[in-house]
Amino acid sequence: MAILEELREKILLFDGGTGSLLQEAGLKPGELPETWNISHPDIVVKLHSDYLEAGCDIIKTNTFGANRFKYNSGTQYSLKEIVTAAMDNAKCAVKKAGRGYIALDIGPTGKLLKPMGQLDFEEAVSVFREVAETGAEQGADLILIETMSDTYELKAAVLAAKEISSLPVFATVIFDEKGKMLTGGTPQTAIALLEGLGVDAVGMNCGLGPVQMKPLAAEFIKYASVPVIVNPNAGLPRSEGGRTVYDIGPDEFEQAMEEILDMGISVAGGCCGTTPGHIRRLNRLRAGRRQKLPQEKQSTVITSYAAAVEIGDDPVIIGERINPTGKSKFKQALRDHDLEFILREGISQQERGAHVLDVNVGLPEIDEPSMMAEVIRELQGITELPLQIDTSNTEAMARAMRVYNGKPLLNSVNGKQEVMDAVFPLVKRYGAVVVALTLDESGIPETADGRIAIAEKIYREAAKYGIGKKDILIDALCMTISSDRLGALTTLETVKRVRQEMGGRTILGVSNISFGLPVRENINANFFTLALYNGLNAAIINPGSEAMMCSYHSFRALAALDENCGSYIEAYKNAAASSAAGSGSPAPGTSGNRLGSDTAGRKAEAAPGSGNGRGNNPAWDGEEERLALSVEKGLREQAAQSAKQLLAEKEPLDVINTCMIPALDHVGKGFEAGTVFLPQLLMSAEAAKAAFDVIKEKMAESGQAREKKGKIILATVKGDIHDIGKNIVRVLLENYSYDVLDLGKDVAPEQIVREAVKQHVPLVGLSALMTTTVPAMKETIQRLRQEAPWTKIMVGGAVLTPEYAKTIGADTYCSDAMASVSYAQKIIA
Amino acid sequence: MEDSIKSEVNRREVYRYLGLGRHEPDERTALLVEESLVELENAAAPRFFSRSYPLSVLPDGKLDLTCFRVESRDLSRNLKDCEEVILFAATLGTGPDLLVRRYSRLEMSRAVVVQAAAAAMIEAWCDRKNGELKEEALRQGKYLRPRFSPGYGDFSLDCQKDIIRALEAEKTVGVTLTDSLLMTPSKSVTAVIGAGRNEFRCELKGCEVCGKTDCLYRRG
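Chains as they are written, first to last, in UniProt numbering: chain G, 1 to 829; chain U, 1 to 220.
The following block holds chain G by itself, in its conformation from the complex (with noise of 0.2 angstroms):
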């Protein structure tokens, strides 16, 4: 019988602990477990039957550690090698037991994946093939992914076992005693991510005792859908004499193992620490209980790495504010690839408070899938709210679904059939939830029944693709009441049937609404307010707009959602404090934008007053001091309104001349002179680029750019992932007008040596932090030296000395971010 088709029939054992056995058998600290498949296949063959013989259904592969990083070319075993001994040592337990599944083993690869590390995703993804495809060739019942902290490794491994084969997939997590993954996981992002991607059964295991993990057992209980696996170790470990052991014998294990069994765990096992005799009590345990396997959940969940969304009764909200449409400042982002624009886009709707950040790079001229798979990348590397994928680009939608960390959010399906025949297989293969638009080859229909007509339509097509109501989100459209009179309510009734007669869940742009009127703010946060009224599940929404966000946090207090009027007080204690004190200023409903704001970090300051005898031009007049002061003391907002108002009256080069460059230079010599210090020093640098800003686009308006003094290369070097110096130097260099190609971390000499040449620069800087890595540095000199001979190298980081630098040839040492500025001034005039 298949182990899919059992696992229906009676509870599942896997065997238990494979490591700490073998080191009980000689495994000498530091060596490879994987190897003893080769050089003690008896040894290992016997910790398969002696679990089998325990009563165990599933033996797990020695396997743990194998991949390419461990064992390859240049190793005494090849990875192929290892994997194939492995599997013909559980075939060999299998065959005498007369009985057993072999679930091959995979282990993380012991690699942080990029940002936070350096393994980039799809080669995550190829490691887990190699090991995949072995044991899936050598005849493996399944794969068992586990003891994954990190969800983005954790989708690579399953990507990886889903594409070479059709094998059942298991997977188990990792979780510290708070509940919670490396990365910030609970069991509710795992058990999402994983059911999107298709996993067979999921579970825990490892780090904790059964009795730790009896709490992550119910919540994984709560959420699946699919059968729920508990490994644990026996109990916690602590060293005695130099060797670790367990606390927990067979005994309190089976008394753990028995709760956790009553709540309905499908498969159990053991992980380190557990031996046949913990098994054999499973066994025992499971001999009188019946498979109870969990309900079909349908609830509807969204996920990033670390958080999950629910969209239910709780209405979600979804920042708009990442989208070029109508927006010229961004599409100009766009064009000059200018990626900080659109992350700070996602980060001030995160502190307005968006849920869920919907992401649209759609421009005719740019590259959308690459682009789309870009900003995904940096804005998961920043942000932990999920993101919603907003393109009609199937390509678009296929890369950023797989480089994405989490179960995704995917904007949009329609009725039209080609478009259900392209987007529905995607949806299906990255586990997203889809936003479905009421419309097909036919177009918007004008009425509530053609609308649910097509939801229908949508719901009955998914289905064929295994594709639930849970995961599709019906947006019922809104048509402007300036040219449909009718529009709104129309609209309103369709959510409200697709809710109540279709049981399914609604999403609704919300602001075309107004399209064509005056002051639309008023008609969007009524008709928010109407469509929440009428079971709106999530909205696509500016959660800059006050209006709207008055609109969220009134229905729920309204609606029973917010216990106590909590969240309702908590937003709008600020307004009743300051209206009650009759100042008489309206007050954001959320949380305001703190990035970019002078009131961050900076409560204590006064806002510089002209004549305070700081000044150190005294040709300047008030507003030419005001915003030289501005600068100097780090004033963004400050910065920008009085580089404004000079504009009014001033060129704006003169601005810069006369103003910007002297209050710089003054704060670098502070810096120098050690009277400023680095923090100030980048508070400046900062309302320097606020007031550029306004400077820039007052030149453009008149056709002007600001000219650039020379591009420089930027970058860390091979190995080295901590780049805070070199972001430092960037700042600066490019408040300096400087055109900065920042190549970021980690970057190969050859990739270095190939910008200098091709864009002909006349300074790269360098930077490396660890002794380690400074070898990468001294051949990247080399090669620019070979190949660039023209090209100035400056470095800099911890390590380094003036001498160090010396010895592996770079042209200059800078002990700081302003030394970079000096030295490019000296070479670039």
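By construction, these hints were calculated from the structure, which means they are not laboratory data. Keep in mind that this is a model prediction, so the values were computed, not measured. Ideal Cβ positions, reconstructed from N, Cα and C, are used throughout, including at glycine. Misleading hints may appear alongside valid ones.
Pair by pair, the computed Cβ-Cβ distance ranges are [unchecked claim]:
#, chain 1, residue 1, chain 2, residue 2, range
1, G, P215, U, K134, 25 to 33 angstroms
2, G, C92, U, D158, 32 to 40 angstroms
3, U, K62, G, K709, 53 to 61 angstroms
4, G, N526, U, E8, 49 to 57 angstroms
5, U, K134, G, R335, 40 to 48 angstroms
6, G, P775, U, E8, 33 to 41 angstroms
Once you have looked at the hints, place chain U on chain G.
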């Protein structure tokens, strides 16, 4: 839940990492430090793991820590008269790295402050756990030496591999090494702590025990 670490963070260390030396921070920098500590406390997921091993000195002078052997004059001096070593790994998790990454893109002044505050916070976390180990050792009549990390003096950075492996750090605290021996998450510490029967008076730790006196970040 562990108690707040924020209050235990040595502000002077944060300022030192920011290059202030002994200068007092201006009000805004001080405020930025406090804001960063609040944000870090929410983002951090501190983890800790240790195991103890018998220690002996081999005839050739190498130290045998049971799970690995190492030759290091400085470490030998640190572990003099000890019969046991505790291997130690602590981390703040991936959250602080995300914050540094975020602000490096959007607000560099905050990024450097978060970075410095996180560096001081991992020290505070280590100090707390080190203190607990010390008390526990005292109850058994043992005295602990100051913790000593690979890279201090001539204690080779290569030993990171041995410590990480012995502690199964990937599973126990989620710490892994890159090929160039950088730890990920970056706000992580590994160390060796000697335990002996003799009382140990010198309470030096961190910079002061390190022989690398020309280090840029040495405590002044």
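E8 of chain U and N526 of chain G - C-beta distance against the hinted 49 to 57 angstroms: Hint holds: Cβ distance 51 angstroms, inside 49 to 57 angstroms.
Please test the hint of 32 to 40 angstroms on the beta carbon pair from C92 of chain G and D158 of chain U. For C92 of chain G and D158 of chain U the Cβ distance comes to about 39 angstroms; the hint holds.
Per the hint of 25 to 33 angstroms, is the separation of the Cβ atoms of P215 of chain G and K134 of chain U within bounds? holds (32 angstroms)
Could you tell me whether the CB distance from P775 of chain G to E8 of chain U stays inside 33 to 41 angstroms? holds (38 angstroms)
Could you see if the CB distance from K62 of chain U to K709 of chain G stays within 53 to 61 angstroms? For K62 of chain U and K709 of chain G the Cβ distance comes to about 56 angstroms; the hint holds.
Using the beta carbons of K134 of chain U and R335 of chain G, state whether their distance is inside 40 to 48 angstroms or not. For R335 of chain G against K134 of chain U, whose Cβ atoms are near 59 angstroms apart, the range 40 to 48 angstroms is violated.
Of the numbered hints stated above, the single one contradicted by the structure is hint 5.
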